[in-house]
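Top line first, the protein sequences correspond to chains A and B. Heads up, the first sequence is in full-length UniProt numbering, so the first residue is 1 and it goes up one at a time. Heads up, the second sequence is in full-length UniProt numbering, so the first residue is 1 and it goes up one at a time.
Hints are not guaranteed to be accurate.
Claimed, not checked - Far from chain B, some chain A residues (derived; all Cβ distances over 10 Å):
id : residue
1  : Met30
2  : Leu89
3  : Ile133
4  : Thr144
5  : Val166
6  : Ala170
To be verified - If you anchor each label on the Cβ, the simulated ranges turn out as follows:
id : chain 1 : residue 1 : chain 2 : residue 2 : range
7  : B       : Arg60     : A       : Glu83     : 25 to 35 Å
8  : B       : Glu130    : A       : Ala125    : 54 to 64 Å
9  : A       : Thr112    : B       : Ala4      : 40 to 50 Å
10 : A       : Thr112    : B       : Arg159    : 28 to 38 Å
11 : A       : Gly130    : B       : Pro239    : 42 to 52 Å
12 : B       : His45     : A       : Thr112    : 13 to 23 Å
13 : A       : Gln84     : B       : Asp105    : 19 to 29 Å
14 : A       : Glu57     : B       : Glu56     : 49 to 59 Å
Keep in mind that the hints were calculated from the coordinates and are not lab data. All C-beta atoms in this analysis are idealised placements derived from N, C-alpha and C, irrespective of residue type, glycine included.
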Amino acid sequence: MTNDVHGPGGGDGRLTPAALRAVTFSRASMLHHGYNEHEVDDVLRRAAAELARLEEENAELHQRVQALQREVDGVQVPEPPSEQAVRLLSVAQQTADAYVAEAEDFSRQVATQARDLYEDQMHQAREKAGAIIQAAQEAAGSITGAAAPAGDGSTPSAEELQHQVVYLQAFGEAVRHQLRSYLEALISDVETEWGRADPASVPLVPLHAHDTGPAPRLPEQVSVDGRHEAAGAQALVTAPD
Amino acid sequence: MDVAAMRATFAKAAAAGDEAPLWFYAHLFLSHPGTRQMFPVSMAHQRDRLFQALGEVVARVDDLDSLLPVLRELGRDHRKFGTLAAHYPAVGASLLATLQHFDPDWDAARAADWTAAYELVASVMIEAAEEAAEQPPWWDADVVGHERRTHEVAVVWLRPREPFPFRAGQSFSLETDLRPRLWRYYSPANAPRDDGLLELHVQARDGGPVSSALVRQLRVGDVVRLGPPGGRLVLDGDPDRDLLLIGAGTGLAPLKALVDQVAREGPTRRIDLFVGARTEDAHYDRADLQRLEREHPWLSVTLAVSRDELSSLPRGDVADVVLQRGPWRSREVYVAGGPATVEATLARIGPQVPAQRIHTEVFAASRPGPDLDGEVTA
Chain A
1 MTNDVHGPGG
11 GDGRLTPAAL
21 RAVTFSRASM
31 LHHGYNEHEV
41 DDVLRRAAAE
51 LARLEEENAE
61 LHQRVQALQR
71 EVDGVQVPEP
81 PSEQAVRLLS
91 VAQQTADAYV
101 AEAEDFSRQV
111 ATQARDLYED
121 QMHQAREKAG
131 AIIQAAQEAA
141 GSITGAAAPA
151 GDGSTPSAEE
161 LQHQVVYLQA
171 FGEAVRHQLR
181 SYLEALISDV
191 ETEWGRADPA
201 SVPLVPLHAH
211 DTGPAPRLPE
221 QVSVDGRHEA
231 AGAQALVTAP
241 D
Chain B
1 MDVAAMRATF
11 AKAAAAGDEA
21 PLWFYAHLFL
31 SHPGTRQMFP
41 VSMAHQRDRL
51 FQALGEVVAR
61 VDDLDSLLPV
71 LRELGRDHRK
81 FGTLAAHYPA
91 VGASLLATLQ
101 HFDPDWDAAR
111 AADWTAAYEL
121 VASVMIEAAE
131 EAAEQPPWWD
141 ADVVGHERRT
151 HEVAVVWLRP
161 REPFPFRAGQ
171 SFSLETDLRP
181 RLWRYYSPAN
191 APRDDGLLEL
201 HVQARDGGPV
211 SSALVRQLRV
221 GDVVRLGPPG
231 GRLVLDGDPD
241 RDLLLIGAGT
251 GLAPLKALVD
261 QVAREGPTRR
271 IDLFVGARTE
281 DAHYDRADLQ
291 RLEREHPWLS
301 VTLAVSRDEL
311 SSLPRGDVAD
321 VVLQRGPWRS
331 REVYVAGGPA
341 TVEATLARIG
351 PQVPAQRIHT
361 EVFAASRPGP
371 DLDGEVTA
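Bound-form chain B, shown alone (with noise of 0.2 Å):
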């Protein structure tokens, strides 16, 4: 296998921006009219996301081992769109038809080159979703709860119909038929319940289709779709290790998810909960917090505000407030929220933390899942 003409064919294609992901999808759909209702209306964000993962799988095809995993994985997440076996080799002849529309100096060899690659990773795919075939592709969910509690925030309670194995802090992506073929990812704010519940927090982004909806227009008694869960914010190396953690807007769920499984399961440990929002309004789940910081003696719940001057909460950057209260050398340390809260927060507990006790999850405002090193990012 000539990886380097690989590479030089894919450079091709890769240089044509967004032609190439655009002649490759128009082929399929062209050639097998059935797929095309398996992906949404606009396209824009699944051709970026078709070539980077081909680009990070051309990167990576002389390390299988690096590969695999991240091969299998797709695999397995692929089932929830309803793709199929027989899917795979339509797939294959529009990508082969694609690379050679875009590479003038495409050959026999070349060709035989991609279709030996493409076989393979196919069925790597195949085979990871045909071993995960005892549990179900996607779980439909009810819904059985849905609170406005501030102007674009909702809390929404869902039970699964079929047992949803997750662990706390874990994430999944969900899909509603208000917003079909749109999977985004959302944290359930809980552990793993007797009942089956999750509860979730949604945030409306602005213009974001989803969230808005799942704000807005979701209703007791629709049902969505959850992938299967994933995701490596979860609790783990030295039990008695205690707890900071720290989260902004709707990053506050999968800390709440830990806080819970540490009181359902234990060991006690002290945890401080820091949660960051712009206003005091904003900060949707007070109430509930204030619950379990009743409930708990072990744990700590500190709300700040970053612009609100009538307030009587601790102002500033969450990262800010929780460095004014620390030292935290010895936490293991949990951050969740957008972007720019994460990067401030290492910023600031990066010096007094070792990295590896440092556990983040970015929510940007799109994510469209795991990337290939297994991070939940944007």
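Extracted from the complex, chain A is given alone in its bound form (with noise of 0.2 Å):
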């Protein structure tokens, strides 16, 4: 046998078609005719190796094809819509807007209404409830002031009592208002003279002078809350005494 089996590609190596085509056997003897039969059966066991080797990477190759076809399949780009299937579902596209688009406009509506009654009986029910403590208080103002002779002077009726209450009330407003022009005047002065006043000093000046005492801040009371009108009105009402 020659070196061509036993080559490069030779041995316990793999068989390939060139080596196989040039394999030539020795004699198997001066007194035997044909070929060394340890050469052939090698050859043919390593054939069968390869054989079967390329039997098993032809069916994998095989699972491998089917597998990008499926793939290719699966993203094969659909055929465009066509023009009539464009215009159905436009049309159907078009009624589900016109449905949504009367129901929110329904929505809308039955929404407005009801804002507007709430507002409308909130507005009278307020007004009800100012005529209620009005007509209370002019009852109470007339009991008390037919009670009124038997007082001795010394204690003050309910109605002096009451006169008073609105007079210092008053005067709290009045005051307040004052107060308020004043340190807005002050305010506006500071920023038109000094363009931009520091921010540190510029609400301690007006602010703190009346933190010290009972009275209440007055930007909150008089911008922000109408309830607390009353605590303002009862810190000035010891104010003047």
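Now that you have both chains on their own, put them together as the hints suggest.
In structure tokens:
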């Protein structure tokens, strides 16, 4: 047997087609015709191994081709939709849009009506409440007025007290208004004269002057909290005494 | 690239009015049925938006400097819709089919130009989206508080599950499962807090599907989704300058956030906050504003009513009330509210304060998102 079989690709290595074609066997012996059996067996063994390997590889490649084919089928560019389909879907969408718009419009109407009704009722209720309070005050005034002659002068009658409260409330309102105007003029001056006033000093000057006393901080009371006005009036009640 | 021819093609599609976007979306949904669920049931507003945005892109296609930032913003913002890079070719194919359908002069050259332009737009948007990949496409947030303050206003407290970075005065879009696929813009009424909570002021608009649901149906324990924050109503410029804040309705929210920022971070400056409402009862956040005013000597709050003859609050449009208390020449001015309020305030304050010191945000009934100039408007 020549070195071709046992050559570079030979031995126990893979049997290549070229190596197979180039195989030559040595004569078995001077006495026997034919090739050396051992050499033939060896080539057959290796040929079978190579065939088995190729079969295996072939099957694997076949599987991969199928998988790729499925993938390609999956992403296959869909046929562009027909014009008829596009029109049909457009109409369906428009119908849906119309329903939604109608529902929203209905909801808008209902909500608007509900709010108007709500505000109307609230307004009426507040007016009614104001009228009732006024009537009650008048009634209380007339009762205490009838009882007034019984007073001995040393303790002020309810009517007198009420008048005093009204007077003090008005007084407090006037004082607050004046203070506010004064403060605003002061602030305006500071702003216009000096441009950007020092942020730390500006609020301190007008506000903290009043923080020491029982008088409430003015901007809060004036600008925000209507309900706090009662507290402010009480604080001012003590001032004129 | 023949820009003139491209604009001519687009003009033909735009001239078809609603027909063109209708055709586009039908084509898209038929070709890629999976994309339908990314859109709301009613597509009416969506169609307007699409062609408006396309029109802007076409108008600026030869001015990349102004176009690129817009596209990048769009790309980042689209992440919250669940848009993936794979969706872009599908949209491109349907867009080309639509343009072709409405342009009798469509030819290979125009097809090539539009394909190239679309690929550029898509690549910029995809790139921006990928660059933003370290932040979530949206933030899930739990509703941890819900207070009905008036007939139509609720204050909602949200806790995002992931850190949600934003600046006081910014806004973000929000989606609720009560009204899927409808994103609406809201501004938190607070600066970033250590506990991450967000305070939202929501006014139910008559017939507004999202706002009504948020006010009347949202419950503690519900989950909403937040888009990335944006908007320019933030404190900048001279930190020594005193502030004049003017709001109407829930326009109060971003202004309250600015007050909160000054309270948390300083530097202390005088702040005059004016809030307008129709009636006294409509001042839904009065108690909390009073608390802030008590706690901070530098803050002065004035509430005004425009239609309430029984109220003891200053009467008139908030812009007029502000003007009476002026002058405000030295202030940095922030205005937030409905279009009419903002316009009226600008008209009153404009003569006193230079334009670069007036910052505005318009709260309109439905705010689809930042437009191409970065403004959050209707």
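Consistency of the hints with the structure:
1. For Met30 of chain A, the shortest C-beta to C-beta distance to chain B comes to about 77 Å, beyond the 10 Å cut-off, and the non-interface label holds.
2. Residue placement check: Leu89 of chain A does not keep its beta carbon more than 10 Å from all beta carbons of chain B (closest about 4 Å).
3. Residue placement check: Ile133 of chain A keeps its beta carbon more than 10 Å from all beta carbons of chain B (closest about 13 Å).
4. With a minimum CB-CB distance of about 27 Å to chain B, Thr144 of chain A clears the 10 Å threshold, and the non-interface call stands.
5. Distance check on Val166 of chain A: its Cβ is at least 16 Å (rounded) from any Cβ of chain B, clearing the 10 Å threshold; non-interface status holds.
6. Distance check for Ala170 of chain A against chain B: the nearest CB is about 14 Å away, which clears 10 Å, and the non-interface claim stands.
7. A hinted range of 25 to 35 Å for the beta carbons of Arg60 of chain B and Glu83 of chain A is consistent with their spacing of about 32 Å.
8. For the pair Glu130 of chain B and Ala125 of chain A, the beta carbons lie near 60 Å from each other, so the given range of 54 to 64 Å is met.
9. Between Thr112 of chain A and Ala4 of chain B the beta carbon distance is about 48 Å. The supplied range of 40 to 50 Å therefore holds.
10. In this structure the hint that Thr112 of chain A and Arg159 of chain B lie 28 to 38 Å apart at CB holds, the actual value being about 34 Å.
11. For the pair Gly130 of chain A and Pro239 of chain B, the beta carbons lie near 47 Å from each other, so the given range of 42 to 52 Å is met.
12. The hinted window of 13 to 23 Å between His45 of chain B and Thr112 of chain A holds, with their beta carbons roughly 21 Å apart.
13. At about 24 Å, the CB distance of Gln84 of chain A to Asp105 of chain B agrees with the hint of 19 to 29 Å.
14. A hinted range of 49 to 59 Å holds for the C-beta pair Glu57 of chain A and Glu56 of chain B, which are about 57 Å apart.
In summary, the structure is inconsistent with hint 2 from the numbered list given earlier, while agreeing with all the others.
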